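S.K.: The lines below spell out each chain.
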Amino acid sequence: MTLNRRNFLGAGAAVAASLSAPMVLGAGKPRVVVIGGGAGGATAARYIAKGSKGAIDVTLVEPSRTYYTCFFSNLYIGGFRELSSIAHSYGKLASDYGINVVHDWAIGIDRDAKTVSLAGGAKLPYDRLVLSPGIDFVDGAVPGWDVSSQNKMPHAYKAGSQTELLKAQVEAMPEGGTFAMVAPPNPFRCPPGPYERVSMIAHVLKEKNPTAKIIVADPKPKFSKMGLFQEGWANHYDGMIDWIGQDFGGDVVEVNADEMTVSIDGEVTKVDACNVIPAMKAGKICEMASITEGNWAPVIGHTMQSRIDENIHVLGDACAQGDMPKSGFSANSQAKVAAMAIRGALTGSKVFPAKFSNTCWSLIDTDDGVKVGATYEATDEKIAKVDGFISQTGESGDLRKQTFEESVGWYAGITSDMFG
Amino acid sequence: MRLAISIITLWAALTGAALGEESAEAIGDSERGAKMFKKCKSCHQLGDGAKHKIGPHLNGIFFRPAATFDDFKYSKGMYAAREAGLVWDIDGLSRFIEDPRGTVPGTKMSFHGLPKEKDRFDLLAFLRIYSDNPQNIPEAAPTAIKVEVELSPEILAIVGDPDYGEYLATECTTCHQSSGDFDGIPGIVGWPNEDFVIAMHAYKLKKRDHPVMQMMAGRLADDEIAALAAYFGNLN
Ligand SMILES: Cc1cc2nc3c(=O)[nH]c(=O)nc-3n(C[C@H](O)[C@H](O)[C@H](O)COP(=O)(O)OP(=O)(O)OC[C@H]3O[C@@H](n4cnc5c(N)ncnc54)[C@H](O)[C@@H]3O)c2cc1C
Numbered sequence: 005m006t007l008n009r010r011n012f013l014g015a016g017a018a019v020a021a022s023l024s025a026p027m028v029l030g031a032g033k034p035r036v037v038v039i040g041g042g043a044g045g046a047t048a049a050r051y052i053a054k055g056s057k058g059a060i061d062v063t064l065v066e067p068s069r070t071y072y073t074c075f076f077s078n079l080y081i082g083g084f085r086e087l088s089s090i091a092h093s094y095g096k097l098a099s100d101y102g103i104n105v106v107h108d109w110a111i112g113i114d115r116d117a118k119t120v121s122l123a124g125g126a127k128l129p130y131d132r133l134v135l136s137p138g139i140d141f142v143d144g145a146v147p148g149w150d151v152s153s154q155n156k157m158p159h160a161y162k163a164g165s166q167t168e169l170l171k172a173q174v175e176a177m178p179e180g181g182t183f184a185m186v187a188p189p190n191p192f193r194c195p196p197g198p199y200e201r202v203s204m205i206a207h208v209l210k211e212k213n214p215t216a217k218i219i220v221a222d223p224k225p226k227f228s229k230m231g232l233f234q235e236g237w238a239n240h241y242d243g244m245i246d247w248i249g250q251d252f253g254g255d256v257v258e259v260n261a262d263e264m265t266v267s268i269d270g271e272v273t274k275v276d277a278c279n280v281i282p283a284m285k286a287g288k289i290c291e292m293a294s295i296t297e298g299n300w301a302p303v304i305g306h307t308m309q310s311r312i313d314e315n316i317h318v319l320g321d322a323c324a325q326g327d328m329p330k331s332g333f334s335a336n337s338q339a340k341v342a343a344m345a346i347r348g349a350l351t352g353s354k355v356f357p358a359k360f361s362n363t364c365w366s367l368i369d370t371d372d373g374v375k376v377g378a379t380y381e382a383t384d385e386k387i388a389k390v391d392g393f394i395s396q397t398g399e400s401g402d403l404r405k406q407t408f409e410e411s412v413g414w415y416a417g418i419t420s421d422m423f424g
Numbered sequence: 664m665r666l667a668i669s670i671i672t673l674w675a676a677l678t679g680a681a682l683g684e685e686s687a688e689a690i691g692d693s694e695r696g697a698k699m700f701k702k703c704k705s706c707h708q709l710g711d712g713a714k715h716k717i718g719p720h721l722n723g724i725f726f727r728p729a730a731t732f733d734d735f736k737y738s739k740g741m742y743a744a745r746e747a748g749l750v751w752d753i754d755g756l757s758r759f760i761e762d763p764r765g766t767v768p769g770t771k772m773s774f775h776g777l778p779k780e781k782d783r784f785d786l787l788a789f790l791r792i793y794s795d796n797p798q799n800i801p802e803a804a805p806t807a808i809k810v811e812v813e814l815s816p817e818i819l820a821i822v823g824d825p826d827y828g829e830y831l832a833t834e835c836t837t838c839h840q841s842s843g844d845f846d847g848i849p850g851i852v853g854w855p856n857e858d859f860v861i862a863m864h865a866y867k868l869k870k871r872d873h874p875v876m877q878m879m880a881g882r883l884a885d886d887e888i889a890a891l892a893a894y895f896g897n898l899n
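Chains A and B are the protein sequences, given in the same order.
Sequential numbering of the first sequence, starting at 5, is according to my numbering.
Sequential numbering of the second sequence, starting at 664, is according to my numbering.
Looking at chain A on its own, in the form it has when it is part of the complex (with noise of 0.2 angstroms):
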């Protein structure tokens, strides 16, 4: 390792430099840029960091100083969560890793010149770019709806203010009234999640406001873990949810977040709370940079580079993955093999093939956990599935409480696989 990093930085006092951490800045140290602190970002500028030792200067762009997990925020509408549980900022990643984290947006980015511009004005170089700025949500989507409707009509798709809005108006609900949730069509941003969502505001209807109704308009014909949670919602929630499909003009739909009325297949219902999840692309960053085909930025598995700037890595939601679902664990997957190709490429350490994973944990009412994941690798086309796993229906409560209890260990792996 040592004698490739030599190799590549071309000089026995650059390798004695690297080689003592922290670093001073600059002196030639290969520069990688982070954009977006979530699941993709974080963990890619922490591996890249942690692996690299103080060689690569590692700079994370992220406007937010907290970011909230979509990942369980679901279960904070259902109560199952506190706010705070879902709340992580970045101190170590900059404290224990030596990030330099940046509270900014990026606003621009030259390809030739390889330099990043911020909102506040700064130009960040780099060698190697990461891009992993999540959804935005496509315009005109949703008719009726668009991002000023969102206070009336929340799509609780970036989690923070937009769930404890969406959670407050559930609760404010009048008794028998109606919750609406517009779903949005693939590709979007995890699969099970307005699934999950639908249970969990249904699990907090059944406790405080049991004649309530829920009407879900769903653009496709059929959804992740369909069965696992029609049959959940038969169990738990009998009654109460009216899932309208495409083949019942679920994908025929208009809102109006002035009257609070959804028209489905022309049939309009005064709702007291609605959810709209509009149809999504690539954080908007991304189509600056040109990097986009369609909605998404296509890329090669093995490396996780952009297809269209071999300097340019993206991940997680952002990218046209192949197989993989847009979750959280696939961002975090795909990242750990970015990281292991960019200190390939930068400081010369070893490089193997890309392996990826995928694991989504959903929850149907109290310990009735379910869960899909798949195994993928990286061919020359894309990221293909390679194995997978469902559960089942009828599973024993004892399985589906042990599934849920996995969730919860997931999480806290995972979140302190991002941040350290």
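Worth flagging that the hints you see were computed from the coordinates, not collected in a lab.
Every value quoted in this text rests on a predicted model; they were computed, and no experiment measured them.
Even glycine gets a Cβ: it sits at the ideal position worked out from N, Cα and C.
One or more hints might be untrue.
To be verified - Label-pair distances were calculated between CB atoms; the ranges are:
{"hint": "1", "chain 1": "A", "residue 1": "G32", "chain 2": "B", "residue 2": "K701", "range": "52 to 60 angstroms"}
{"hint": "2", "chain 1": "B", "residue 1": "D826", "chain 2": "A", "residue 2": "K288", "range": "34 to 42 angstroms"}
{"hint": "3", "chain 1": "B", "residue 1": "E817", "chain 2": "A", "residue 2": "D242", "range": "56 to 64 angstroms"}
{"hint": "4", "chain 1": "A", "residue 1": "R69", "chain 2": "B", "residue 2": "G712", "range": "53 to 61 angstroms"}
{"hint": "5", "chain 1": "A", "residue 1": "A176", "chain 2": "B", "residue 2": "A747", "range": "29 to 37 angstroms"}
{"hint": "6", "chain 1": "A", "residue 1": "S99", "chain 2": "B", "residue 2": "D711", "range": "20 to 28 angstroms"}
{"hint": "7", "chain 1": "B", "residue 1": "E761", "chain 2": "A", "residue 2": "D384", "range": "53 to 61 angstroms"}
{"hint": "8", "chain 1": "B", "residue 1": "K736", "chain 2": "A", "residue 2": "K96", "range": "49 to 57 angstroms"}
{"hint": "9", "chain 1": "B", "residue 1": "D762", "chain 2": "A", "residue 2": "E314", "range": "51 to 59 angstroms"}
{"hint": "10", "chain 1": "B", "residue 1": "G853", "chain 2": "A", "residue 2": "K288", "range": "44 to 52 angstroms"}
Using the hints provided, position chain B with the ligand relative to the given structure of chain A.
M.R.: Just chain B with the ligand now, kept in the frame of chain A:
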């Protein structure tokens, strides 16, 4: 009430009075406990030839103070519990098994606990059989403990590449914390090499039934399992 009685019975047992199965039954149903011990078996050995594995062996545990084997590396939490005077009498064992992390903060025992008193007492009734008659347990005798999977000496002899292990381990640490902490998913750091290798092969051969682990182990080659065992074995 029940607790008091069982302690007295145990006392009687240890002082040479009324020995054997019958007094064990006073704590709980040892046969049911034997079945429950399956949960413990992947880490703890018990009986003839029992050795320390991921956890210490449990022969003769009753009335032993916590963390007293010199040849086993306990968690900091367990050493602290010893300092605080934790002794494995029925009460101490029962409290620990009820809520391991609540009773001994920082324990590396990856187990949620048995909230039901009956479960704990049945398990203790079984464990006690191996404390009642410690003279019947030749602790150093050649192993009579069945191995989960028979692996060829070649597989067990593979020396893992720690660099490769470090990369492969990144897949594990999404769920298994590199600190070894347990919050619902077992800690896997600091295990004896062979135990790690055997556990992974048991998943790979689907002799242990956890779908995620069967899938993850299923695609690991023998040298990859060895690399992971080497990496996690040496972690703190
Ligand atoms: C309700 C819900 C439940 C979910 N449950 C699960 C689950 O149980 N398991 C699971 O694995 N996944 C789950 N997910 C999915 C998971 O949250 C995402 O897939 C994951 O966060 C994607 O990681 P990412 O790095 O791509 O994006 P994010 O984690 O969203 O991170 C992107 C970051 O980039 C920052 N950013 C964006 N633009 C810029 C810019 N221009 N400059 C600087 N910073 C920028 C943002 O502030 C943000 O912090 C869930 C999602 C939702 C909505």
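S.K.: Against each hint, give a clear statement of whether it holds in the structure.
M.R.: Hint check:
Checked against the hint of 52 to 60 angstroms, the C-beta distance between G32 (chain A) and K701 (chain B) comes to roughly 58 angstroms, which is consistent with it. Taking the beta carbon of each, D826 (chain B) and K288 (chain A) are about 38 angstroms apart, inside 34 to 42 angstroms as hinted. Range check, E817 (chain B) to D242 (chain A): about 57 angstroms between beta-carbon atoms, so the 56 to 64 angstroms window is met. Distance hint check: the CB atoms of R69 (chain A) and G712 (chain B) are about 56 angstroms apart, consistent with the given range 53 to 61 angstroms.
At roughly 49 angstroms, the beta-carbon separation of A176 (chain A) and A747 (chain B) lies outside the given 29 to 37 angstroms, and the hint is violated. One distance hint, 20 to 28 angstroms for the beta-carbon pair S99 (chain A) and D711 (chain B), is violated here, with the actual separation near 51 angstroms. Against the hinted window of 53 to 61 angstroms, the Cβ-Cβ separation of E761 (chain B) and D384 (chain A) comes to about 54 angstroms, which satisfies the hint. For K736 (chain B) paired with K96 (chain A), a C-beta distance near 26 angstroms fails the hint of 49 to 57 angstroms.
At about 53 angstroms, the CB distance of D762 (chain B) to E314 (chain A) agrees with the hint of 51 to 59 angstroms. In this structure the supplied range 44 to 52 angstroms holds for G853 (chain B) paired with K288 (chain A), their Cβ-Cβ distance being about 45 angstroms.
This entry does not satisfy hints 5, 6, 8, going by the numbered hints stated previously.
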